[in-house]
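Residue numbering for the sequence shown follows the numbering used here, beginning at 1 and increasing consecutively.
Worth flagging that the hints you see were computed from the coordinates, not collected in a lab.
Keep in mind that a hint or two might mislead.
[As the list claims (entries may be wrong)] Computed list of lysine to aspartate or glutamate pairs in EDC-like fashion (alpha-carbon distance at most 16 Å, straight line):
no. : residue 1 : residue 2
1   : K31       : D15
2   : K4        : E119
3   : K452      : D421
4   : K245      : D297
5   : K234      : E223
[Claimed, not checked] Restraint ranges, calculated between C-beta atoms of paired labels, are given here:
no. : residue 1 : residue 2 : range
6   : D308      : A598      : 50 to 60 Å
7   : E178      : G556      : 27 to 37 Å
8   : P233      : G556      : 54 to 64 Å
9   : N524      : R614      : 26 to 36 Å
10  : Q44       : R98       : 40 to 50 Å
None of the values given here were measured: they were computed from a predicted structure.
Ideal Cβ positions, reconstructed from N, Cα and C, are used throughout, including at glycine.
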Amino acid sequence: MSPKYERDDVDEVHDRADIVEVIGDHVRLRKAGRDWKGLCPFHQEKTPSFVVNPDKGLYFCHGCGTGGSVFTFLEQIEGLTFPEAVESLARRYGIELREVAGGQKRQESSRSRLYTLQEHAVRRYREFLAAKDAEPVRAYLGSRGITSEIIDKYSIGFGGWKRDPVVRAATRAGYKTEELMAAGLATRDQRGIRDTFHGRVLFPIFDPSGRPVGIGGRVLPEEFRQDDAPDAPKYLNSRESPIFKKSRILYGTNWARADVVQRKRLVLVEGYTDVIALQAAGIGEAVATCGTSLTEDHMKEISSRFGDVRVILCLDADAAGQNAMSKERTEELAGAFSPGDQVRGSGWIPIGRGWLPEVQVANLPQGKDPADFVRAEGEQGVATVLDAAVPLVEFLLRRAIEGADLQSPDGRTRAVRRGVDVLRQVGDTLMRHEYALWLADRTGVDAQEVVKALDAQPRSSGRRGASGPKVEAPVVLTGHHRIEHEALRSILAYPDLLNDEELQPTEDDFTLPLHRSLFRLLANEMAEQGAVDAGRIAARVQDADLRRIASQLSVGATPEDHVARDTLRHVKLNTVGRHIVERKSRLRSLDPNRDAAAYDALFEELLELEMQKRRLSSTE
Numbered sequence: 001m002s003p004k005y006e007r008d009d010v011d012e013v014h015d016r017a018d019i020v021e022v023i024g025d026h027v028r029l030r031k032a033g034r035d036w037k038g039l040c041p042f043h044q045e046k047t048p049s050f051v052v053n054p055d056k057g058l059y060f061c062h063g064c065g066t067g068g069s070v071f072t073f074l075e076q077i078e079g080l081t082f083p084e085a086v087e088s089l090a091r092r093y094g095i096e097l098r099e100v101a102g103g104q105k106r107q108e109s110s111r112s113r114l115y116t117l118q119e120h121a122v123r124r125y126r127e128f129l130a131a132k133d134a135e136p137v138r139a140y141l142g143s144r145g146i147t148s149e150i151i152d153k154y155s156i157g158f159g160g161w162k163r164d165p166v167v168r169a170a171t172r173a174g175y176k177t178e179e180l181m182a183a184g185l186a187t188r189d190q191r192g193i194r195d196t197f198h199g200r201v202l203f204p205i206f207d208p209s210g211r212p213v214g215i216g217g218r219v220l221p222e223e224f225r226q227d228d229a230p231d232a233p234k235y236l237n238s239r240e241s242p243i244f245k246k247s248r249i250l251y252g253t254n255w256a257r258a259d260v261v262q263r264k265r266l267v268l269v270e271g272y273t274d275v276i277a278l279q280a281a282g283i284g285e286a287v288a289t290c291g292t293s294l295t296e297d298h299m300k301e302i303s304s305r306f307g308d309v310r311v312i313l314c315l316d317a318d319a320a321g322q323n324a325m326s327k328e329r330t331e332e333l334a335g336a337f338s339p340g341d342q343v344r345g346s347g348w349i350p351i352g353r354g355w356l357p358e359v360q361v362a363n364l365p366q367g368k369d370p371a372d373f374v375r376a377e378g379e380q381g382v383a384t385v386l387d388a389a390v391p392l393v394e395f396l397l398r399r400a401i402e403g404a405d406l407q408s409p410d411g412r413t414r415a416v417r418r419g420v421d422v423l424r425q426v427g428d429t430l431m432r433h434e435y436a437l438w439l440a441d442r443t444g445v446d447a448q449e450v451v452k453a454l455d456a457q458p459r460s461s462g463r464r465g466a467s468g469p470k471v472e473a474p475v476v477l478t479g480h481h482r483i484e485h486e487a488l489r490s491i492l493a494y495p496d497l498l499n500d501e502e503l504q505p506t507e508d509d510f511t512l513p514l515h516r517s518l519f520r521l522l523a524n525e526m527a528e529q530g531a532v533d534a535g536r537i538a539a540r541v542q543d544a545d546l547r548r549i550a551s552q553l554s555v556g557a558t559p560e561d562h563v564a565r566d567t568l569r570h571v572k573l574n575t576v577g578r579h580i581v582e583r584k585s586r587l588r589s590l591d592p593n594r595d596a597a598a599y600d601a602l603f604e605e606l607l608e609l610e611m612q613k614r615r616l617s618s619t620e
């Protein structure tokens, strides 16, 4: 569960963060009156339509409609969650955050202590690697092409030759054995408590915001280690903890997120050194699982963090690498293909907030893992392999018919049946048919017979529906909805209008749910703070549409005072007009003789509304 921080602390981060400075790290901005303008980083454009308003702490692109606070920008450009964006800016501007638990503030939560403990351990491991007796470890890293610059960037360390230096140091610093065990840094054996990772090369695992949450360790090859160094297992990862979930976290995301967002592509490999080698070679969007198989939770994390990105699974060519795409997991992924009428590639996986498009598989030459291959072939060689990646369904079909004797009737029959088993998992009818033709062509079996075999077997319904997510058509504002839109802009520009004796707007004046929600936020802000800060509102709300409209209405030219008042007057007239129509309709349904009291009361309301309409009209 993501941490929740005290509202005052989040507001302080928002107020102290310089939105022009933060966005300027990614976008070339130039001054344009009160605002700053630049080319939008979220879509291609030649004329700047991306506007940053430092006074309100908001940005908005008039080209693609994206907008929000400084937190929103980091979420979009770096693939962070809201808490991670807050944490990133808090570290940048030296602000201490306090978590909220059970409605109460706490200065340092158990999660915070685990983070601090991991940071302490990473520093110690770095010191062990730099020590004189770690020369064999540095020699091993050098043999793998890992330079001192790479060691620094990725905080690579060494567990030390001794049994428990990290345990002893952390205990002296006030940490309990239970905390060390929970963090996966300590292990109990026959002799007591010892360091989990002693004698291993260590790769700290960072969360997307750059905080260490776990450790991945590799035993040294025999020629580089001491006699008493551990020799099994070859790879060892931290156990799961409140801050480290192996089934969700991907190694390297903290370095890869900007490249993933920019290139709309994520390259998924299996090992930490594979990530390091690919990123060093210019494939900055490379990440890896942390000692586990690829899970649905990983895919949910990718989807919720990055949205529509192309995922390339870059597998080792050896048997272990090929088996990394286990039958269960590939069938699960294939079964998630349900693009309905929204086919945009080889298939979409509907998970989390969005769909993952074009899941592909890239195969390396026999005997090569990504790290070996990039050292041998360089960036261009890797790029060639990635460009040759095939769609996941095609990869599964190739594996299904691999090794079949296509020269014999029995062999062709078995190959088609295995291929049909794969196609049964594909949710989209058109895609399933197209791959049936592909299977027929590769096996030499008549296409009609393959289709007949496919149709003869009931397709697995899977756990998801066969249709894609409903895509709402964009709302085009016309008539009084457009006036409501501009009325909100007027209120943001002149918050005192919320208390204007003549024109004081109410929630009833806004008919679109989105307009009502934003007005409610503005009114509450005015009631609580005596002012309206659109930037803070955009920073607090999690609803993307609310952030967008608040940003859109706050940047750009401010309406003149008389224009703002006229706009609110028109909104009021629309509201009064609606009520007049409604009262007249109700009057027609009443009998003046039988329902005299109700009729007279309603008639009085109608007269008051007509008088209110005349007053508003006379001041136009």
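The hints, checked one at a time:
1. K31 / D15: Violated, at about 21 Å.
2. K4 / E119: violated, 21 Å
3. K452 / D421: holds, 13 Å
4. K245 / D297: With Cα atoms ~10 Å apart, K245 and D297 stay inside 16 Å; holds.
5. K234 / E223: Within the cut-off at roughly 14 Å; holds.
6. D308 / A598: 50 to 60 Å: The hinted range 50 to 60 Å holds for D308 and A598, with Cβ atoms some 57 Å apart.
7. E178 / G556: 27 to 37 Å: This hint is violated: roughly 56 Å between Cβ atoms.
8. P233 / G556: 54 to 64 Å: For P233 and G556 the Cβ distance comes to about 60 Å; the hint holds.
9. N524 / R614: 26 to 36 Å: holds, 32 Å
10. Q44 / R98: 40 to 50 Å: holds, 42 Å
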